[in-house]
Each structure stands twice: as C-alpha cells, then as structure tokens.
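**Student:** Fit chain B to the given chain A structure using the hints.
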Amino acid sequence: RKEVEQDPGPFNVPEGATVAFNCTYSNSASQSFFWYRQDCRKEPKLLMSVYSSGNEDGRFTAQLNRASQYISLLIRDSKLSDSATYLCVVILDTGRRALTFGSGTRLQVQP
Amino acid sequence: GAGVSQSPSNKVTEKGKDVELRCDPISGHTALYWYRQSLGQGLEFLIYFQGNSAPDKSGLPSDRFSAERTGGSVSTLTIQRTQQEDSAVYLCASSLAGEETQYFGPGTRLLVL
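Chains as they are written, first to last, in my numbering: chain A, 1 to 111; chain B, 1001 to 1113.
Next up, chain A with everything else stripped away, as it sits in the complex:
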C-alpha cells in the first residue's frame, strides 16, 4: 500500500465550479501535511500547509482529519489558471523532514 494515496483524476470542471480532492495517508505517525501544485513540466510549488483546525487561503480550503488519516483540498470558483496537478504531501519524520508525495490529482478547468 502506498504511503500517500490520491485519486489520479483527471477532474474536468467548468470555470466557476467547486472541486474537492481527497488524500489518505497510511502512517499514523505522519507529522506535517501539505498540498503542492505542479504545472506541466514544472517543479512542485507549495500551495498550502494543512492543519487539523482547517485553513483557508482565498479560494482554497484545506482540512486534516487525523483520526481518519485523511486530507482534503477544496477549490471554490475554479479558474482556468487552477489547471494543474495537485500533490498531497506528508512529512513522516520530523528529523529528516523529507517529503512523501502522493501521485497527484490532475485538474483541468474548462472555459
């Protein structure tokens, strides 16, 4: 079983739609959680950290459920520029802080 699992998609949504991505992680000792965004043939970039209390950044809302080992990302009012692959990422080891990535969920926002 993969340490971080995501639905690969693609999710094809119209502009203005609300879309939600989910992710599960297998290691209950996971310490920190993030969503990264990766555009085609580009490097990953941090979108937002994820906290148990939930956090919001503009149109983006992230949520962590430690009991269910589940992470979510909600994008409201989708823009064409949101089209990308969204990577669910956890840190298993606070000492090393190496990132463990899910395989990513591809989003295509259509006009």
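Warning: the hint list may mix true and false statements.
What follows is a list of derived Cβ distance ranges for each label pair [unchecked claim]: (1) Ser1038(B) - Ser81(A): 24 to 30 Å; (2) Asn55(A) - Leu1111(B): 36 to 42 Å; (3) Arg1064(B) - Gly58(A): 20 to 26 Å; (4) Lys45(A) - Gly1028(B): 16 to 22 Å; (5) Gln108(A) - Ser1027(B): 33 to 39 Å; (6) Ser1027(B) - Tyr51(A): 25 to 31 Å; (7) Ser1058(B) - Pro14(A): 40 to 46 Å; (8) Gln108(A) - Arg1109(B): 19 to 25 Å; (9) Lys1017(B) - Arg59(A): 43 to 49 Å; (10) Ser68(A) - Gly1072(B): 22 to 28 Å; (11) Glu1099(B) - Ser28(A): 21 to 27 Å.
List of simulated lysine-lysine pairs, DSS-like, C-alpha gap at most 25 Å [claimed, not checked]: (12) Lys45(A) - Lys1017(B); (13) Lys2(A) - Lys1057(B); (14) Lys1011(B) - Lys1057(B); (15) Lys1057(B) - Lys1015(B); (16) Lys79(A) - Lys45(A); (17) Lys2(A) - Lys45(A); (18) Lys42(A) - Lys79(A); (19) Lys1011(B) - Lys45(A); (20) Lys1011(B) - Lys42(A); (21) Lys1017(B) - Lys1057(B); (22) Lys42(A) - Lys2(A).
Quick look at which bits of chain B chain A covers, simulated, 3 or more residues with Cβ under 8 Å [unchecked claim]: (23) 1019-1030; (24) 1035-1048.
Hint data in this document are derived by calculation from the structure and do not stem from the laboratory.
For glycine and all other residues, C-beta sits at the position ideal for the given N, C-alpha and C.
**Tutor:** Same frame as chain A, now just chain B:
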C-alpha cells in the same frame, strides 16, 4: 531573490555512462534534498543533507547513486553506469534549518538511451 538552480536542464546519455547532476540551493539554506520523478510515478525521496551532518542516503535506489555536498552549499548527484530505468526528472529542493517549507529547483530531465 535567486531560487534553487539545477544544471543541466536536460541530459541525454547512453546506457552505461556516468552522469553528474548539479544543484545550487538558495543562499543560506542548510537543508538540501534530492528527489526523483519518474514517468507515471510520484516524486520519491533520494537523499538529504543538513549542514555538516552525515547525509541521509536511505532513499537512494542502488549503489550506483551517490551524492555529495561541498562547503555546505552546492550538491552533485552522480549516477554511475546509467540504466534506462534511471530516466526521470531529478529535482533538488532546499530549506532553512528547522523549516518544513522546501523550495524546488526546475529539475534535470535525464534520458538514458
């Protein structure tokens, strides 16, 4: 300011040759990571450097892979006797000590023929 830089951006080599990939982290970042992204695969951790400490090599897939970091700054990832399955994008990231946010370079696309 300058971000993480990597060179070359693309590398095509023949099976059996050695390759060296270079990473220049953000100035002042003491932590440096190498990751690999193969076609159809997620990103996987390869190696981690923190300051002058011994590197964490637990992610290296075979003994053909090695890396060093000179002067606590520039890092070189070396792949000896390359195989076709080594074809991937090799990404370098750096972060400040104690910080979780990692900044990625643009990667080196390696193709082994």
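**Student:** Now look at each hint and say whether the structure bears it out.
**Tutor:** Structure-based check of all given hints:
Under the hint 24 to 30 Å, the C-beta atoms of Ser1038(B) and Ser81(A), about 27 Å apart, fit the expected range. Our hint of 36 to 42 Å for Asn55(A) and Leu1111(B) holds, since their Cβ atoms are close to 40 Å apart. A hinted range of 20 to 26 Å for the beta carbons of Arg1064(B) and Gly58(A) is inconsistent with their spacing of about 45 Å. For the pair Lys45(A) and Gly1028(B), the beta carbons lie near 20 Å from each other, so the given range of 16 to 22 Å is met.
The given range of 33 to 39 Å is respected by Gln108(A) and Ser1027(B), whose C-beta atoms sit roughly 37 Å from each other. For the hinted restraint 25 to 31 Å between Ser1027(B) and Tyr51(A), the CB-CB distance of approximately 30 Å keeps it satisfied. At roughly 44 Å, the beta carbons of Ser1058(B) and Pro14(A) sit within the given window of 40 to 46 Å. Here the CB-CB span from Gln108(A) to Arg1109(B) is close to 23 Å, well matched to the stated 19 to 25 Å.
Checked against the given bound of 43 to 49 Å, the beta carbons of Lys1017(B) and Arg59(A), roughly 47 Å apart, stay inside it. Hint check: Ser68(A) to Gly1072(B), Cβ distance near 41 Å, so the stated range 22 to 28 Å is violated. In this structure the supplied range 21 to 27 Å holds for Glu1099(B) paired with Ser28(A), their Cβ-Cβ distance being about 24 Å. A distance of roughly 32 Å separates the Cα atoms of Lys45(A) and Lys1017(B); the hinted pair therefore is violated under the 25 Å criterion.
In summary, the hint linking Lys2(A) to Lys1057(B) is supported, as the alpha carbons are separated by about 21 Å, within the 25 Å threshold. A distance of roughly 23 Å separates the Cα atoms of Lys1011(B) and Lys1057(B); the hinted pair therefore holds under the 25 Å criterion. Restraint check for Lys1057(B) and Lys1015(B): satisfied, since their Cα atoms lie roughly 24 Å apart, inside the 25 Å limit. Taking the CA atoms of Lys79(A) and Lys45(A), the gap is near 18 Å; set against the 25 Å cutoff, the hint holds.
Taken as a hint, the Lys2(A) and Lys45(A) pair is honoured in the structure, with Cα atoms around 22 Å apart against an allowance of 25 Å. Using a Cα cut-off of 25 Å, the hinted pair Lys42(A) and Lys79(A) holds, with the two alpha carbons roughly 19 Å apart. The hinted pair formed by Lys1011(B) and Lys45(A) meets the criterion: a straight-line CA distance of about 23 Å does not exceed 25 Å. A threshold of 25 Å between alpha carbons decides the hint, and for Lys1011(B) with Lys42(A) the separation of about 16 Å falls inside it, so the pair holds.
Of the supplied pair hints, the one linking Lys1017(B) and Lys1057(B) holds, its CA atoms being roughly 22 Å apart against a limit of 25 Å. For the hint linking Lys42(A) to Lys2(A), the alpha-carbon distance of about 24 Å falls within 25 Å, and the restraint holds. Only residues whose C-beta sits within less than 8 Å of a C-beta in chain A count toward coverage, and the region 1019-1030 of chain B has 0 of them, not enough to reach three; the restraint is violated. A stretch counts as covered by a chain when three or more of its residues have a beta carbon under 8 Å from one of that chain; for the region 1035-1048 of chain B and chain A the count is 7, and the coverage holds.
Hint check: violations occur at hints 3, 10, 12, 23; the rest are consistent with the structure.
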